[in-house]
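A.B. asks: Each chain, letter by letter, is given below.
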Amino acid sequence: MAETRYGMAINRALADAMQADSSVILFGEDIAAAGGPFAVTRGLQAKFGPERVRDTPISEATIAGAAVGAALGGLKPVVEIMFMDFITLAMDALVNQAAKAHFMFGGQCSVPMVVRTPHGGGLNAGPQHSQCLEAWLAHVPGLKVVVPSNPTDAYALLRAAIEDPDPVVFVENKALYSTKGELADVPQPVAIGRASIARSGSDATIVVYGASVAAALNAAAALAAEGIAAEVIDLRSIQPWDERAVLASVAKTRRLIVAHEAVTAFGVGAEIAARVSELAFVELAAPVLRVGADFMPVPFARALEREYLPGAADITAAVRRCLDWKANARIKP
Amino acid sequence: MRIELNQQELLSLYETMVLIRRSEERLSRLFGDGEVPGFLHLSIGKEAVPVGICAALQAGDSVASTHRGHGHALAKGVDLRGFFAEILGREEGLCRGRGGSIHVADLRVGMLGANGIVGGGLPLALGSALAHQVRRSGGVAVAFFGDGAMSEGVLHECLNLAALWKLPLLFACENNGWSEFSPLMRQFAAQLCALGNAFGIPAVQVDGSDVEAVRAAANAMIASARGGAGPQILECRTFRWHGHYEGDPQKYRDAGDLADARSRDSLLVSSARLEAMGVTTERIRTLERAVEARIEAAVAAARLGRAPDYAAAAADVYTRAAGGTHG
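Protein chains in written order, with the working numbering: chain B, 1 to 333; chain S, 1 to 327.
Errors might be hidden in some of the hints.
What the hints assert, rightly or not - Some chain B residues flagged as far from chain S (calculated, every beta-carbon gap over 10 angstroms): (1) Arg12; (2) Glu51; (3) Arg54; (4) Ala61; (5) Asp92; (6) Gly122; (7) Lys144; (8) Ala229; (9) Pro287; (10) Glu307.
What the hints assert, rightly or not - Okay, the calculated bits of chain B under chain S, using three or more residues with CB under 8 angstroms as the criterion: (11) 65–71; (12) 106–116; (13) 309–321.
What the hints assert, rightly or not - To give a feel for the contact side, a few chain S residues facing chain B, derived at Cβ under 10 angstroms: (14) Gly99; (15) Leu112; (16) Ala129; (17) Leu130; (18) Glu157; (19) Gln187; (20) Ala190.
Simulated from the structure, these hints should not be mistaken for lab results.
Glycine residues also receive a C-beta, built at the ideal position from the N, C-alpha and C atoms.
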């Protein structure tokens, strides 16, 4: 057991996967010689050589498309899209090619590829370097989307993603790279699609993923001081998402809040709220509430971004609103 | 550049060209009779290109194709019954009726799929070439693309990356002069071979109606790519006899252009060569009749095929059941 930063846990997962399987290769912009803009792939080219760890030109469409072709050719490519905002340039390969090949070709083949990409704000990186676009990808049948919140899960989920026969988008969070956590010498595997209970509680369920897990834990700690026991569920994977774990928690708490850094409208929270309302309407003591970003691009200036990003206070407020909800309350537009 | 093929070799290429021509003529009639669901893009007129190129390939080589991909599939050796069953939307189809004409694929023979996205196959072929290189398989990948894809950004990315990485990749352009409904001169300001020069990629233009010329050029370029010389560009000047899609009234094309397109017929070019080599007309007709009989048997079998199973399709969105709930 050693204390490890989130970024280094990903680095170790890549190294261990490459050591275990010679068909695992890495390519992306500035990942090899420079070690990546966030140093996540540092040292891997030196360790595994220039054939298996490659720098590409700034060609996102071809990086993703080549990963599909390489996967069909028997490799397990792990490619990096430097910022999730740039995944717009790789969407044909992901949506029309990778996601569909297994289905569209009648099950003849699988596409075992991983796209690593960081989302998230907090660095004043502005409207084109901060977005959380994971809901787009979760909307596409054939893709899997995981969003680990801590070093242990980052390691285990990346190993699982590389082993997975289908295309997986592995979403990192720029604000998490330097956060620390424990990583076992022999880490336990985690299956894609399984949530974890980050904090137990009986009064309300807060469903989160990625960097919002820390915000939810802070909110739960603040609420505990008021005598409110919130349960925090870390989804870890949003496509597939662990419906059973969420329903089990809601059966206990009867109140559900879904929080994420992404824009609220048409987001992951909307899907989970709708699904839980369909399946557990009578269990719910209050409407499912969502916490997310306002419907605007991520702003640049410090004060603007601070106000824009949803945080612990927003989650705390939503939990209180959910607990205070009265059956005859009107929805305020 | 011209390498003399012997009678038997040329007969074999001619047979595959006839297989493509007659299969597509049959598909055109089936489409007219309402038996083919969806869209149908025919490659009649350019049979010599896939046949000449695939004849230069080995079993482990791979090809990525386009929306006009029937010729690539048949030349690479996909199963004929599975081919027709797929296009007619049957369970017995190569893709179990999930893809249709625009997505015919057979990974067993290295056919990575027709593709509904113009230029979509280019980076797939590049990735396949990367796999050949990393795995030291000795294989080569071919990216078939039309002149319409020359204005897609991904072509330019792929030329650059293939050259940087010296990938065993043949860029095989089928230049028929038409990007869907628009002539090439209004679509592309450059010349493909000049573009190849800019990236340091050897590029050759060839008469795409002469299967012997295509085969000879492809042989040389594929051997170079296989030998580690990096990517190659083969631009085949060819013709589109039919519309962009079946049912396309082609009002954008004048009669002269259509007549020009049909004036050079790859089948006639090769049958004349065969006759000059001393192959009798009767022998050629016998070969053609045998191909036609195979096609009719495949169509008959496809018509008797089962409707695809919805539950099986739904179970194939992912390779195996995942831990959570999709959707």
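A.B. asks: Could you run down the list of hints and mark each one as holding or not?
C.D. replies: Structure-based check of all given hints:
no., hint, result
1, Arg12, "holds, 23 angstroms"
2, Glu51, "violated, 6 angstroms"
3, Arg54, "violated, 7 angstroms"
4, Ala61, "violated, 5 angstroms"
5, Asp92, "violated, 6 angstroms"
6, Gly122, "holds, 28 angstroms"
7, Lys144, "violated, 7 angstroms"
8, Ala229, "holds, 26 angstroms"
9, Pro287, "holds, 21 angstroms"
10, Glu307, "holds, 34 angstroms"
11, 65–71, "holds (count 7)"
12, 106–116, "holds (count 5)"
13, 309–321, "violated (count 0)"
14, Gly99, "holds, 5 angstroms"
15, Leu112, "holds, 6 angstroms"
16, Ala129, "holds, 8 angstroms"
17, Leu130, "holds, 5 angstroms"
18, Glu157, "holds, 4 angstroms"
19, Gln187, "violated, 19 angstroms"
20, Ala190, "violated, 18 angstroms"
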